[in-house]
Amino acid sequence: MVPTSWYLALSAVLFAIGTVGVLVRRNVIVIFMAIEIMLNAVNLTFVAFARQLGTVEGQVIVFFVMTVAAAEAAVGLAIIIAAFRNKQTVNADELAMLRW
Amino acid sequence: MWADVGIAAVKSIAVLLMVLNMSVVLLWVERKGSALIQDRIGANRANIFGGILPFNLGIVNTLIADPIKMFTKEDVIPAGADKLLHFFGPFLAVFPVLVTFAAVPFGDVLVIGGRTIELQVAALDVGILYVLAMSSLAVYGIVLGGWASNSRWALLGAIRGSAQMISYEIAMGLSLIGVIMTFGTLDLQAIARAQGAHLWGIIPAWGILYQPLGFVIFMIAGVAESKRVPFDLPEGESELTSGYFTEYSGSKQAAFMLSDFAEIVVVSGLATTLFFGAWQVPFLARDGWHLPGGVTLGMPQLVVAVLQIASFTLKVFALCCLQILVRWTLPRYRYDQLMDLGWKRLLPLALANVVVTGIVIVLVG
Amino acid sequence: MGPVTFAVLATLLVASALTVVLHPNPVKSAMALVGTLFLLAVVFVFLGAHMIAALQVIVYAGAIMVLFLFVIMLLNLQAEALDLDARRGGGAGLRVAAWLGGAVLAAELAWLFLHVTLPPVAAAPLGYGGAVAVARSLFTDSALPFELTSILLLVAVIGAVVLGQRRTS
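Residue numbers (this note's numbering), protein chains in the order written: chain A, 1 to 100; chain B, 1 to 365; chain C, 1 to 169.
Same shape as in the complex, but just chain A:
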């Protein structure tokens, strides 16, 4: 049995990868995928702690995170499609319509 702190470290590395991906990449779809990596890193933390404490509440929270991520992915991708129809680009720098 691997100590729980190893899982936490792995989750932290994944979260960092996701964060830098969101900040550096310009393709909106890849930014979205990096957000999904961050969400999954957090899921891993929850499941690791649920195992540590021996309860299933952590897994129930993961269930809700997955549901919310599905809803967010659906709406976010619909927004991307709508924005693409208007501007013909998925570059985050050019999709700055609300900036002045």
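In short, the hints are calculated from the structure, not lab data.
Ideal Cβ positions, reconstructed from N, Cα and C, are used throughout, including at glycine.
With the Cβ distance kept under 7 Å, some of the chain C side facing chain B (calculated, not the full set):
(1) 51
(2) 54
(3) 57
(4) 58
(5) 62
(6) 66
(7) 73
(8) 130
(9) 131
Put chains B and C on the given structure of chain A with help from the hints.
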């Protein structure tokens, strides 16, 4: 410990070989069966070594010649195709289909030398969820195969195919909820064992008696998942020149064909497990026959196990033949009819099935 | 799981996550993300969360990522549109600095978390992580969030349909 590993390896190889062999047999049944249905002879000769052999083994020649042809053909990758994704398409199409059978029990137990071996490759407590998970991974083979081919036909076939597969996944999952509610468990071996009971001492308590509508919805959704006629629009041979696997040749095309036939076996295997009593033979228990009227006939456990495995194989084969019959009888669904059927008819029917099942369970107890 | 299995899984996970954020082709990034999600499901199985692992494959790897791939195919991003990062102002030096900063962040966080001391993990109770245990907690303690989630999903479906519609005007 090594004995356990060895047993697990033998079981996995046995199941894999069973699926692959049944796919080849189904290829035979399909060609000859379709010939019978269409009042013609079908494939009955093939030239081996330029006609050296003085006799003709009928369709066996074709069954030997076809795979040899497919595996020795040149592997053509279209210009402008994404090589890595083009390579992974067939793999992702075949892998989930073959792996699904790991959760399906093909027998009760085998007692050898004091050791009780469960005749199921992976004894999962969430067996049905595992099956649904693997069938949702099968979409990627289609998506990648179509997208990476850099071809109009392939892309159209891929878009239609993936939309069809994800639509019918929902109906398939919902039809299984009725079964889960009836048997109260997600474990496939437990469901198989629960169907060994007999209602009023005579009628075997198979799933189809409890969930007839669930069976119908599951079969329709399963046939649509494997993109067989009448749902073979993604592969519409008269329209899309093979749809999503147009640009594949040689062993990659063989892999796609294999995934097609293996999926028939998998859908039949699941339907058998959930609705037709899996490996159960009526009145046969682990130690022998328990006929109505109190007559018991003892039988060695090995014979019982062999009978149960044979019963499972026969039932799966019967359902596969049913799917082949359906293929050569019905015309193809149009795309909007297909989506209409999946979303507007099967989905509400499956939901109604769940509600009615729940009410009946509460009333009967 | 043993340290060797963990090391292998962790390396694969980090490698596929890096492929997601580093690869210029969004289709390859999406497939790498599918791989990451599948590997995470394997890790969940090792942590005893069978139901969550199955749901991860069904929902995340099997549905959400298919949606991603659909959108990428629909937008039909051509090759010249893919290397967007090259056209961003600041040049290659700033990008490399950003990735190095990310590597430093990851290393620091990993070091911090590796030195967290937790009591040893006890054996899991019977039926831990199975459908019955998760469902019991879900439908009793978390019944209200469960109902709210269903409303959330309904709103998301309506929103996605409305936003994705083609305006014929």
